[in-house]
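Asks: Here's the letter readout for the chains.
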Amino acid sequence: MSRFSKSILVLALVGASTATFAFDSFKGVGRPATSAEVKAWDIDVRPDFKGLPKGSGNVERGNELFEEKCASCHGSFGESNEVFTPLAGGTTADDIKTGRVKGLSSGELPQRTTFTKVSTISTVFDYIQRAMPWTAPKSLKPDEVYAILAYLLNLQEIVPGDFTLSDKNIGDVQKLLPNRNGMTTDHGMWPGASAKKGGIGNGGKPDTDNKACMKNCKPEVLIGSTLPEYARTAHGELAEQYRSFGPVRGTRTLGPEAAKKAAEATTMELATKSGCMACHGMKSKIVGPGYNEVMTRYAGQPDAEGKLVAKVKAGGAGAWGSIPMPPNGHLADEDIKTLVKWILSGAK
Amino acid sequence: MGDIVNKPGRLRPAPENFLSEEQVKAVAAGRRDFLRKSFLAAGAAIAAPLAARASEGDPAILTLPEWSTSLGQPVATRPYGMPSKYESQLLRRESPGLARVGGASVSFCPLQGLFGIITPSGLHFERHHQGWHDIDPSRHRLMINGSDDSLLKKPKVYTMDELMRLPSVSRIHFIECGANTGLEWGNVAVPTVQYTHGMLSCSEFTGVPLKLLLEDCGVDYKKARYVLAEGADGSSMTRTIPMEMVESGEVFVAYGMNGEMLRPENGYPLRLVVPGVQGVSWVKWLRRIEVGDQPYATKDEAVHYIDLQPNGLHRQYTSIQEAKSVITTPSGGQTLLDKGFYNVSGVAWSGRGKIKQVDVSFDGGINWQTARIEGPVQNKALTRFNIAWVWDGKPAILQSRAIDETGFVQPTYGQLRKVRGTKSIYHNNAIQSWKVVESGEITNVQVL
Chain A
1 MSRFSKSILV
11 LALVGASTAT
21 FAFDSFKGVG
31 RPATSAEVKA
41 WDIDVRPDFK
51 GLPKGSGNVE
61 RGNELFEEKC
71 ASCHGSFGES
81 NEVFTPLAGG
91 TTADDIKTGR
101 VKGLSSGELP
111 QRTTFTKVST
121 ISTVFDYIQR
131 AMPWTAPKSL
141 KPDEVYAILA
151 YLLNLQEIVP
161 GDFTLSDKNI
171 GDVQKLLPNR
181 NGMTTDHGMW
191 PGASAKKGGI
201 GNGGKPDTDN
211 KACMKNCKPE
221 VLIGSTLPEY
231 ARTAHGELAE
241 QYRSFGPVRG
251 TRTLGPEAAK
261 KAAEATTMEL
271 ATKSGCMACH
281 GMKSKIVGPG
291 YNEVMTRYAG
301 QPDAEGKLVA
311 KVKAGGAGAW
321 GSIPMPPNGH
331 LADEDIKTLV
341 KWILSGAK
Chain B
349 MGDIVNKPGR
359 LRPAPENFLS
369 EEQVKAVAAG
379 RRDFLRKSFL
389 AAGAAIAAPL
399 AARASEGDPA
409 ILTLPEWSTS
419 LGQPVATRPY
429 GMPSKYESQL
439 LRRESPGLAR
449 VGGASVSFCP
459 LQGLFGIITP
469 SGLHFERHHQ
479 GWHDIDPSRH
489 RLMINGSDDS
499 LLKKPKVYTM
509 DELMRLPSVS
519 RIHFIECGAN
529 TGLEWGNVAV
539 PTVQYTHGML
549 SCSEFTGVPL
559 KLLLEDCGVD
569 YKKARYVLAE
579 GADGSSMTRT
589 IPMEMVESGE
599 VFVAYGMNGE
609 MLRPENGYPL
619 RLVVPGVQGV
629 SWVKWLRRIE
639 VGDQPYATKD
649 EAVHYIDLQP
659 NGLHRQYTSI
669 QEAKSVITTP
679 SGGQTLLDKG
689 FYNVSGVAWS
699 GRGKIKQVDV
709 SFDGGINWQT
719 ARIEGPVQNK
729 ALTRFNIAWV
739 WDGKPAILQS
749 RAIDETGFVQ
759 PTYGQLRKVR
769 GTKSIYHNNA
779 IQSWKVVESG
789 EITNVQVL
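In the order they appear, the protein sequences are chains A and B. Its first residue numbered 1, the first sequence is counted upward by one per residue in the numbering used here. Its first residue numbered 349, the second sequence is counted upward by one per residue in the numbering used here.
Isolated chain A (complex conformation):
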C-alpha cells in the first residue's frame, strides 16, 4: 500500500541525478500516479495484513449477506459443489489446535475445501474483496467482507456465533486457521533467490533424478494405467478432432448414431452458411415453409429429390404461396443435394 507523497517526490528527484538506474528516463512517457488512483487500485492484502482496510462485521450480518450474495453459487453453508469446489468443511477441532489438516495426509478427506488448504487468512479476505461475488466483483464494502469472512470462520467452527471480526482481531484468528502450518516452500521450483539467500525454496534443486540411459534400460515394461473405456468416449467423436487427411486419422470412438448426429450438425451448419435458415425453420413457416412441412408434403414421392434440387437451384414461387424463393445458383450442386436430402429425411 503506497501513498504518493510530496516529500518522497523531492527525494526521488534528488536521487535521480546520482542513481545508477534509469529513473525518469523516458521523456514524455508515464506520469506520477495520484494518491487517489493508487488507493483505488491498490487493494491487495498481504499475510502480514499490510493493505487491510479498517472495519468490522459479525457472524449474523455475514450470514445474511452470504445468503443474499453468495449462497446461490456456494450453498447456504459454503458446501455446494455445483459451481465450484466447496468453501467450507473438512477440518476438525484437532486441526485447529495443530494447524495441520489431518485429512490431507490420511486420505480421509473426500474433497479439499478452501479452509482445508488455506494457511493465511489474509488470502481469503483479499480474494473475496477483489473477486466475489463472481458476477459483481469489487462490489463489497470492507465491513461486508469482514462480516462474510466471520460467517465462513463460524461455519468452520473457528469462531463462535457471536463473533465480530475486525482489523484488530484478524491476527488472532490467523493463529486458529486449521491449515496454518500446512505449507512448505522446501522445493526447487521457485525461480528466484533461495531461502538461504532471503528468498524461497532450495535454490532450484530438482526432486527427481532420471538418467539418460539409452540401451536395455530395464528388464520389462510395467504399465501402471490404461485409458478407461468411459474416458475413450467422454470426449466426443475423436475422429472429428483431427484432420481428415495426414499420416493418421482420429480414431472413431462413437457409434453410427452419434456419427449421424454429427453429420446432421454439419448439414445444419451448411444450411446456415448457405443462407437457407434466414427464410426456413424446421417446423413452421418463416418466409418459406418449415423443412418438416416440406418433408411431409413430399413423403413417398420418389422423384421429389430431383425436383426439389432443381427448384432450390432455380428458385421460384407457387408451391407454397406467392412469395418466391430466390435462386441459389451460387451453391455447388453437391451442397444443394445434401441439403435437400437432409430436408427430406427429417432435418433436425
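The set of hints was computed from the structure by calculation and includes no laboratory data. Please read all numbers here as calculations on a predicted model, not as lab measurements. Warning: the hint list may mix true and false statements.
To be verified - Heads up, simulated DSBU-like pairs for lysine-lysine below, C-alpha to C-alpha not over 30 Å straight-line:
| # | chain 1 | residue 1 | chain 2 | residue 2 |
| --- | --- | --- | --- | --- |
| 1 | A | Lys175 | A | Lys196 |
| 2 | B | Lys433 | A | Lys313 |
| 3 | B | Lys571 | A | Lys168 |
| 4 | A | Lys341 | B | Lys766 |
| 5 | B | Lys571 | A | Lys175 |
Claimed, not checked - Stretch by stretch, here's where chain B covers chain A in the computed footprint (C-beta under 8 Å, at least three residues):
| # | segment |
| --- | --- |
| 6 | 97-109 |
| 7 | 140-147 |
All residues carry an ideal CB built from backbone N, CA and C; glycine is no exception.
Got chain A sorted already, so can you dock chain B onto it with the hints?
Replies: Just chain B now, kept in the frame of chain A:
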C-alpha cells in the same frame, strides 16, 4: 488398421476399400464367408468403378478438379484470413466435467494437429477465472507502485500509447498452465494429447521489459525483492514474481503476440510474460505491478496452484515448469493408416532454459534413440523434434524424454510419484506413453 478409414489416392482393387470395422474384425477372426457375402451385396455397384480406377489411374489426376479449370477468389475476399474450410476439426475444446462453469474453465489447444513451435493465435489455450473481456485499449492503464513508499520513488501510470513508445523486445516463449497434465496424476483419464498436454502454447511475444518500467519509477532493488502482478478483469488475478527474474530482463509486459496484438482471450491489450514459469503468473489484462518486500500468498498461491504432497503438506510458490516433452504425431486417439514409414514428431520444453536433447523410445522405455531437433533452439520455448519410424504392424509403446541444458532429465511416472504421490494436481512433467496395437489404434497408457 484395415480400411476403417478412407485412404485417397491409393490404387487398389475393390473389396478392401469398403470393409466396415465389423467386417475387418470378422475377417481377422477367420470368417471369410462374411467377406464374400458382403462383397456380393455391396460389390455390384461399387466394385466396377473402383476396378476401373485401379486400371486407369487416380480420378484425382485423370479428372481435372474445378480449381484447375475455373477462376478463383479475388484478393481480400476475406480481409482477415481464415484457415481452410477443411481445417475445421482442429479447435480449442473443453474437457467435459473438468469445470462447472465456462467462465472459470480451460480450453485445450489441439496439439495433435500443429506443426513447428508457434501456436496459431486462434488456437492458443485459454484459462480464465472470471470470463474474458475485450478491453478498450484507450481506457486501459498500467499502474506501478510500491507496497510502501520506500520501495519505489515514484508510482506511475502508463497508457498503451506510452508503453508502445518504449524500447521493445520480441521473444518466443512457451506458456504452460501449472495444471497441464494434472488430470493424469493418479491414472490415465483423457484420450488425446489435446487433453493431456493442451494447456500449452508457444508464441512470439512483443513488449517492454518490466525492468525498464520499474527503473523508470525508481525501484529500490535492495528492498523490493518481489513483484505482485494484477489483472484488470473481475478476478483481478494476482501472483508473486521474484525480483531476480525481473532484474535479469526476461520478464516483460507484452502487447504483441505472433505479429499482431494479443487476442482478447490471451490478455488484450497487455499481459505479463514470465518465461519458464507456469501460465497463471503471466497475468492477463495486466493493470498493476506492485513491488514489495515479501511474497503475497494470493488466492492462486495459497488455495490453488499449491502442490499437495503425500505427507499432507502443500508446496507453496512452485512456479518453474520443469523439462517435459510429448509426442504429438502419432498420439492418443489416433489410428495409423498402415504399416510402414512414419515421421514421429513432438515438442519439448523446459522452464530452466534450452532443450539440449530429446530421446524417443518405441518399446516403452527399454531402448532409446536420440531424435533430430529442429533449430534454432530458443530459450524457454517449445522445441520441435522428429524421428523416423517404420511400423511393422506389431504393438509398440512410444515415449519421448527431454533433457534440458541444466542436464535435468524428464522423469518417469514411477520416479515422479515416488517423491510427490498422486494428488499434486500441478507440475506433472512425467514421460508420456502412447500404446500402438495391431489395428493401428493408439491409446494413452502410463508406463511406470
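Asks: Can you name, in rising order, the numbers of the hints this structure does not satisfy?
Replies: 4, 7
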